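Visitor: Please work from the sequences and hints to get the whole structure.
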Amino acid sequence: MCGITGWIDWKRDLRKQGAILETMNQTHCRRGPDAEGNWLSQHAALGHRRLAVIDLDGGAQPMVRRSGERTYVIVYNGELYNMDKLRRELEQCGHCMESRSDTELVLRAYMQWGPACMSRLRGIFAYAIWDEAEKRLFLARDRIGVKPLFYAVRDGAFLFGSELKSLLAHPDVEPVIDAEGLAEVLVMSPARTPGHGVFRGVEELRPGWWMIVDQDGIRKQPYWTLESREHTDDLPTTIERVRSLFQDTVRRQLVSDVPIGTMLSGGLDSSAISAWASRVMEEEGRGPLDTFSVDYVGNDRHFTPNEFQPNADAPWVRRMSEYLGSRHHVIEVDLPELVSSLADALRARDLPGMTDVDASLLLFCKEIKQTATMVLSGECADEVFGGYPWFHRREMVEADTFPWARMTDQRVRFLSPDVARITRSDEYVQERYREAIAEVPALEGEEASNARMREMFYLNLTRWMPTLLDRKDRMSMAVGLEVRVPFCDHPLVEYMWNVPWEWKALEGREKGLLRRALTGILPDDVLWRKKSPYPKTHDPGYLTAVRDQVLQLLDDPQSPLRDLLDIEAVRSFARSDLSNVHLPWFGQLMNVPQLFAHWWQLDRWIREYGVSIRV
1 MCGITGWIDW KRDLRKQGAI LETMNQTHCR RGPDAEGNWL SQHAALGHRR
51 LAVIDLDGGA QPMVRRSGER TYVIVYNGEL YNMDKLRREL EQCGHCMESR
101 SDTELVLRAY MQWGPACMSR LRGIFAYAIW DEAEKRLFLA RDRIGVKPLF
151 YAVRDGAFLF GSELKSLLAH PDVEPVIDAE GLAEVLVMSP ARTPGHGVFR
201 GVEELRPGWW MIVDQDGIRK QPYWTLESRE HTDDLPTTIE RVRSLFQDTV
251 RRQLVSDVPI GTMLSGGLDS SAISAWASRV MEEEGRGPLD TFSVDYVGND
301 RHFTPNEFQP NADAPWVRRM SEYLGSRHHV IEVDLPELVS SLADALRARD
351 LPGMTDVDAS LLLFCKEIKQ TATMVLSGEC ADEVFGGYPW FHRREMVEAD
401 TFPWARMTDQ RVRFLSPDVA RITRSDEYVQ ERYREAIAEV PALEGEEASN
451 ARMREMFYLN LTRWMPTLLD RKDRMSMAVG LEVRVPFCDH PLVEYMWNVP
501 WEWKALEGRE KGLLRRALTG ILPDDVLWRK KSPYPKTHDP GYLTAVRDQV
551 LQLLDDPQSP LRDLLDIEAV RSFARSDLSN VHLPWFGQLM NVPQLFAHWW
601 QLDRWIREYG VSIRV
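Note that the UniProt record's numbering numbers the sequence shown so that position 574 is 574, with each residue one more than the last.
Don't take every hint at face value.
What follows is a set of in silico ranges between Cβ atoms, one per label pair, in the way DEER data are often shown [to be verified]:
hint : residue 1 : residue 2 : range
1    : Gln112    : Val280    : 41 to 49 angstroms
2    : Asp409    : Arg286    : 50 to 58 angstroms
3    : His582    : Lys530    : 55 to 63 angstroms
4    : Ser449    : Gly94     : 18 to 26 angstroms
5    : Thr232    : Arg394    : 27 to 35 angstroms
6    : Glu134    : Gly94     : 18 to 26 angstroms
7    : Glu134    : Arg286    : 50 to 58 angstroms
Calculated from the structure, these hints are not laboratory results. Since we're looking at a predicted model, the values are computed, not measured. A virtual CB, placed ideally from N, CA and C, is assigned to each residue, including glycine.
Guide: Structure representation (structure tokens):
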């Protein structure tokens, strides 16, 4: 993948602003360690950092192509999974390709069909195309939102970038948050409202949308949405269709000119991808497959089962790597490294995030990068097929809020009274929840319980899944590793959207339909293993480390936490016996240690990024 950035300005001559563009572009140096490029004209400045995966020699960017007297320039971050088909269509239209890269295919598709080209693109991407003749910028983002794209408007200038840091590198974008941004950070985080860039005046192009910027202003609209309709396939056909879609998307995503592998946790999703990838690579004479797993020093001693994590991963990783005959790499994270990497994870995300869950993934990706440039991950199968506990537990299904954030009140009680009032904490969450529910495409005549499950899937696909995709993108790209996510392939997502809930939960199991579809691809014990989330440390020393750091910050007169939190409430909580306190304040993995770590990241973020709070 890559990093893109740009600047459109109708008042200044951008040919004289190369130094600023270069500064913006350099913020993405880790996203694109292999090459860089800038392109400037009077009204447009485009920057690109490249991670070369396909056509290492011919895919340099910004890429310029001409048609008659018209010049088109693209900066592109992504991968297409239907390159052969699209190439044939374009060649039939008279285009002569100058490279094997998907970048050129996207550019020529736009030259041929304009915004209508979006219906022909299958993959993960965020890109911008400048039409020099028309003085028009076209931007688009993939249907699921795997690849990021932020933008800001400042005094007639339009700025965009893959990450928030590229916008903040421009002198006109200040790191300011208002009451709404404060609510995003203190109440919604590590989730983020779609389209919200947290900093004042910074927005995100939503998944499945395109945007046009020209001298008439900004126009944007969705080119793809989920459509609700009756599912007409019978159960055997549905099972076979899911199996076929899964096999097809994994095969497509193995195309690469660089070393590849898979992330393997021993769970259903990563094991299935690894098994099918291994089979495809063997057929093509490219094996054996490299597989990678992450664990923590001491977890074999400290692990205890809970409602979200019923068993340890390590034995299942061994089971699968032996079954596959893969070249397996176990990456272990120790406690000091995990704690010290909280700051690096913050810088990768540009916002307080999932703390050690982010940091461990960052360390994991850093080690993978020593062997592979691209890996496949099982991310997002739970959202598409219904794997999380909140799909299966009545009190979670019926909760009148985001099911992964039912304990928001337990978190808000640590805010200072003034901050709680300014952010309107409870109201803010409810407003965002109601907005999400109002977007759900209803199916006329659908029975109430099924309609509620449709809402649950919509919440997961559009509010929960982006948090994990943000995490995966930022942590992997921070070390120049490309991670592909086959379960986010939009044909699979579209098909599963309308499959009835009782089939998704076949045999009363989470992801029951997927398990049936994978029969024969995985050994039965792995196929029916109880779901276990991304592994985290169970070392009690982690809680001690982050708790002590926060207590030190509360004693620092310069700490911004003193204005945001109820200091005495936090101190009292920190000094109590927390050894058996279970407080899953966000999702399955964010518990008491992660609450302290999140506060630590908040303090570091405000100081390091120079954040101003203006309400």
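Visitor: Does each hint hold? Answer for all of them.
Guide: Right, here's what the structure says about each hint:
1. Gln112 <-> Val280: 41 to 49 angstroms: Distance hint for glutamine 112, valine 280 is violated at roughly 32 angstroms.
2. Asp409 <-> Arg286: 50 to 58 angstroms: 52 angstroms, holds
3. His582 <-> Lys530: 55 to 63 angstroms: Cβ of histidine 582 to Cβ of lysine 530: about 19 angstroms, so the range 55 to 63 angstroms is violated.
4. Ser449 <-> Gly94: 18 to 26 angstroms: 54 angstroms, violated
5. Thr232 <-> Arg394: 27 to 35 angstroms: Given about 29 angstroms between the Cβ atoms, the range holds.
6. Glu134 <-> Gly94: 18 to 26 angstroms: Taking Cβ atoms as reference, glutamate 134 and glycine 94 lie about 21 angstroms apart, which means the hint holds.
7. Glu134 <-> Arg286: 50 to 58 angstroms: Between glutamate 134 and arginine 286, where Cβ atoms are some 44 angstroms apart, the hint is violated.
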